[in-house]
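J.: Assemble chain B with the ligands onto chain A, guided by the hints.
These protein sequence lines map, in sequence, to chains A and B. For what it's worth, my numbering labels the leading residue of the first sequence as 6, then goes sequentially. For what it's worth, my numbering labels the leading residue of the second sequence as 440, then goes sequentially.
Treat the hints with care, as some may be off.
Unchecked claim - Label pairs and their calculated CB-CB ranges: (1) B:Ser539 with A:Arg411: 33 to 41 Å; (2) B:Ala674 with A:Gly414: 20 to 28 Å; (3) A:Leu597 with B:Ser629: 53 to 61 Å; (4) B:Glu442 with A:Arg583: 47 to 55 Å; (5) B:Gly540 with A:Arg181: 37 to 45 Å; (6) B:Glu442 with A:Lys29: 32 to 40 Å; (7) A:Lys29 with B:Arg501: 46 to 54 Å; (8) A:Arg35 with B:Lys740: 51 to 59 Å; (9) B:Glu463 with A:Arg583: 46 to 54 Å; (10) B:Val693 with A:Arg411: 52 to 60 Å; (11) A:Ala145 with B:Ala674: 30 to 38 Å; (12) B:Ala647 with A:Ala634: 23 to 31 Å; (13) B:Pro462 with A:Pro156: 51 to 59 Å.
In case anyone wonders, no lab produced these hints; they're calculated from the structure. Since this is a predicted model, take the numbers as computed values, not measurements. Positions of the beta carbon are idealized from the N, C-alpha and C atoms, including for glycine.
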Amino acid sequence: MTDLTDSATRAVGTSTVRVEGREKVTGAARYAADVPFEGLAHGWLVLATVARGRVSSIGVDPVLAMPGVIGVIHHGNAPRLNPKAGMFGIPDGTLQLLQDDRVPHFGRPVALVVAETLEQARAGADALVVTYEEEPHDTAFSADHPGAYTPVSAPVSAKGDVDAEIAASPVVVDQRYSTPEEHHGSMEPHASMARWENGRLEVVDSNQGSFMVSTILSALFHLDEGVVRVRAEHVGGGFGSKGVGAQLILAVMAATTFDRPVRVTLTRHQVFTVTGMRPATRQRIRLGADSTGRLRAIDHESVNQTSTIYEYVERNGEVTHALYAADAIRISTSVVPVDLPTPTWMRAPGCAPGSFAVESAMDELAEATGIDPVELRLRNEPQVGPLSGLPFSSRNLVGCLQEGARRFGWADRDPRPGVRRDGRWLVGTGMAAGIYGAGSVPSTAAVTAEADGGYTVAIGAADIGTGARTALTLVAAEALNVPPSAVRMKIADSDLGSAWFAGGSRGTSSWSWAVTAAAEDLRDKLVGIDRIPPEGITGRGDTAAQIAALAQQERHAHGAQFAEVAVDPLTGEVRVRRMLGIFAAGRIVNPLTTRSQLVGGMVMGLSMALHEEGLRDAAFGGQVNGDFAGYHVAAHADVPDIEADWVDDYDPSHPSGIKGVGEVAIVGTAAAVANAVWHATGVRHRTLPISLSRVLTSQA
Amino acid sequence: MKEFGYNRASGVRDAVALLAHEPEARFLGGGTNLVDLMKAGVETPDLLVDVRGLPLGRVELRSDGALTIGATVTNSDLAAHPEVRRRFPALAEAVLAGASGQLRNVATVGGNLLQRTRCGYFTDTSFPCNKRVPGSGCPAITGEHHNHAILGASDHCVATNPSDMGVALAAFDAVISFETVDGPGELALSEFYPPVGDTPHVETSLPAGALITAVTLPAAPVAARSRYRKVRERASYAFATGSIAAAVDVEGGVVRDVRIAFGAVASRPWRAHEAERALIGAPATAQAFGAAADAELAAAKPLAHNGYKVPLLRNLVVSVLTELTEEAAR
Ligand SMILES: Cc1cc2nc3c(=O)[nH]c(=O)nc-3n(C[C@H](O)[C@H](O)[C@H](O)COP(=O)(O)OP(=O)(O)OC[C@H]3O[C@@H](n4cnc5c(N)ncnc54)[C@H](O)[C@@H]3O)c2cc1C
Ligand code: SF4
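In isolation and in its complexed conformation, chain A is listed as follows (with noise of 0.2 Å):
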């Protein structure tokens, strides 16, 4: 058996390789579609082709004469879900599939035509003839549609007298911002298997935490603890889409009405129609500083659209909530519930348009006051949390801003606007600053010694894609001080007990701290034993109470970001050049899968700068552009020189020093980019995507 030392070892921060990275390039990894399952039938969903109103017939008896189909489930003949269920105890009107005959938006779920074969249950799905009738909708979400109010769960934040600071502030900045319904589009559609066996419903999955999602089910199927297994084992991306699925949910109520493993699978098409989106926001940011730059008042007012169903807030706010100093802070947010499906969690949810707004505005502020923006940044850096008043537990957004302003050569920028030619484009570089939370949820996780030597940890950690199946191995090693290679990584099974899941950049803290408690536990466990057991010998972490304990502190993980555009005046066209992000992210783990996390999270920054945008006809409530030919995302060729890097900010207050990587690489992107193409051009632009139309007619 490996000697257990206390030397460190040096595996955290060696840049590692995926520990699954070989299956996954000769495509021995799993998926869930990809999972055989004996007697399997397939599910195929149909989807409401009206923005409102009821369904009034479902032809399914020609559909159940075709060849294989096993059935049709829809609201007559679903099970009957709990209407409570839902994450953290919220009752969620988007899980109560099929439950009555209401059609509450566009592509909702309306039944499930159930075949011995994939092909045969979408032959069946294609010929199933719904009616409705159509009742008036309304799918125009503004910032002053009546329906907007203000959601119980985010109410004003506040300190000081804003309007009074404001009113006083010799430099105001006063603007008004938008962004567009975003698509997550993960490379693995959504698709689940669900089956009965020995009396536990077994789910093969693709999520972002088995543990949540089973709790969940549980609940919505009115199941005990206990009967419901869930797996991940390997996920192709989330960006915060994969919780409960709608295919989830129609898989396991056609395995529980046919008795068969069922599974459902989505077609990219589905997938930009079910499995929500960010919602399209506006928002009004007010600056008011001194002549110095010092901030004296910001105000963040914040509006998005959610539906009819579910009461989904994007919290731009937050990213006011910590990013600068200022006398008075206020941030307020509303909601305006439209026919429109449900948004959702997508990369930094409310800090990516969050940051988009008040980024901005902080480059108008720079241009107002003719300070450089860095240094704008430099002098508005709060010691304690600006509205908490909360120490930071650690902080270097300096350091970021430093560095990058270092390597991107910003020091030689001539401020002015709208003057470097290089032949038919006009060139300029933007910067923005970036934060996003960080801190641990309670998790819990084990770690057997095995009499063969090696080392099994167990934690129902999800890794969609980010490495995280790495980390926890590398992170495991250095609490057990052994070579990575003696561990093996047990996770993504809701059997493996409570954990976290891969959402709100808490996984990699959250999961690490359960997996050194448990390392802990099982040293102390080893003291005085020389030889293990067949079994094993299994130490056991929980950090419920270890986090409840934790002293209250500002928590974040800090960015900056620098871009330099170019942009054809002619034709509107912008390219990114080249991009620089620099953070300050806690302790990492593995460099080289960080270095993937953020230089993908810029390349989404840059799209949703650029690029992204769900379009949707105001009549039927569809989605025009739901796949990849319409919807854009950037190509290779719109990257072509990105890098990404850190600077020390070891986190004192969790174990191992980490915070998390995935959103904060998102946030500031859009307005580093944004504010390029108004250095290149002079022409602020102020609603996303910056598309060639909007730049070209604003030239005009």
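T.: What follows is chain B with the ligands alone, placed relative to chain A:
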């Protein structure tokens, strides 16, 4: 996706005969457009007749300087062909500006000419669409039409032809050769795509069941200095929001010959005859180029959200013709 038959044609006559017996049959080129539309339920053929094995895969230079391009020549081979690059550089540039390397390796000339619009309502069967279901309506006119037509559209359909290649072919007076059970025939590209009118579902003037066999570009010395410029929302892998194929021959500061065609503005590649007429004999100046563009675009009928295409096309005319003129002067 419904079940369909697949047949590999052994010869041109065989291919035409196979199709003649099946009203709901389609020729299969690279399949890069047809198969996608079948998956989306937009195309529902009973039979596919694969034409890639036919002896139509060559580019030939004729003694009169014309270039004949076989219908199954892949987009990649077309763009790489030395005679195409020498005599019609704008055509090579247009083809290379389209799709992606992988797609161009399989996409064919015949298929490219008949690729269908990228209107989001057309490709999604949950919406009505006059082109897909005649008489069902055109939601694009009042809905999402950001990249729709500003020229030659009708109240029944405002979709654009998405091809890049076709724009260069239109600029250089391409002639399409085809074969039917009744024998061979020819159509000028200018007649190949009929006006939209109230029949947006009728996209070509080809007789029913016709197999495209070749595209011929008559000799055009002016084309040797030609350019294709494509404007698109991202740097690659995107359809045009506006494009231009142009060639100009200037002597003593006066335009002697000029060819201009626009892409992404109409249901067909749009030959800018008005602009050409205005330019022949005019001074080769930015001002004249602008005036010529205005003459062409006077007929534009932009919708609520695609008006940006008018200045875009004007700017393209001026900048590309200026570029070509300056290069010639060097
Ligand atoms: C993601 C993507 C991006 C693209 N981007 C671009 C772009 O930017 N610019 C651009 O121009 N194009 C683009 N394309 C379109 C591409 O160029 C076309 O799909 C391609 O040219 C079609 O050729 P094909 O041989 O694959 O046609 P197919 O899909 O095989 O056929 C298309 C149609 O032509 C018919 N047909 C084929 N051959 C013949 C023949 N010999 N005689 C009669 N009928 C025939 C078929 O029956 C069918 O109706 C893109 C395509 C995709 C999928
Ligand atoms: S523009 Fe043409 S293709 Fe598009 S919806 Fe209207 S009729 Fe259909």
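J.: Now, for every hint given, state plainly whether the structure supports it.
T.: The hints, checked one at a time:
1. B:Ser539 with A:Arg411: 33 to 41 Å: holds, 38 Å
2. B:Ala674 with A:Gly414: 20 to 28 Å: holds, 23 Å
3. A:Leu597 with B:Ser629: 53 to 61 Å: holds, 57 Å
4. B:Glu442 with A:Arg583: 47 to 55 Å: holds, 51 Å
5. B:Gly540 with A:Arg181: 37 to 45 Å: Holds: the Cβ-Cβ distance is about 42 Å, inside 37 to 45 Å.
6. B:Glu442 with A:Lys29: 32 to 40 Å: holds, 34 Å
7. A:Lys29 with B:Arg501: 46 to 54 Å: Holds, since Lys29 of chain A and Arg501 of chain B (Cβ atoms, about 53 Å apart) stay within the stated range.
8. A:Arg35 with B:Lys740: 51 to 59 Å: holds, 54 Å
9. B:Glu463 with A:Arg583: 46 to 54 Å: Given range 46 to 54 Å: holds, Cβ gap about 52 Å.
10. B:Val693 with A:Arg411: 52 to 60 Å: holds, 56 Å
11. A:Ala145 with B:Ala674: 30 to 38 Å: Holds, at about 33 Å.
12. B:Ala647 with A:Ala634: 23 to 31 Å: Holds: the Cβ-Cβ distance is about 29 Å, inside 23 to 31 Å.
13. B:Pro462 with A:Pro156: 51 to 59 Å: For Pro156 of chain A against Pro462 of chain B, whose Cβ atoms are near 58 Å apart, the range 51 to 59 Å holds.
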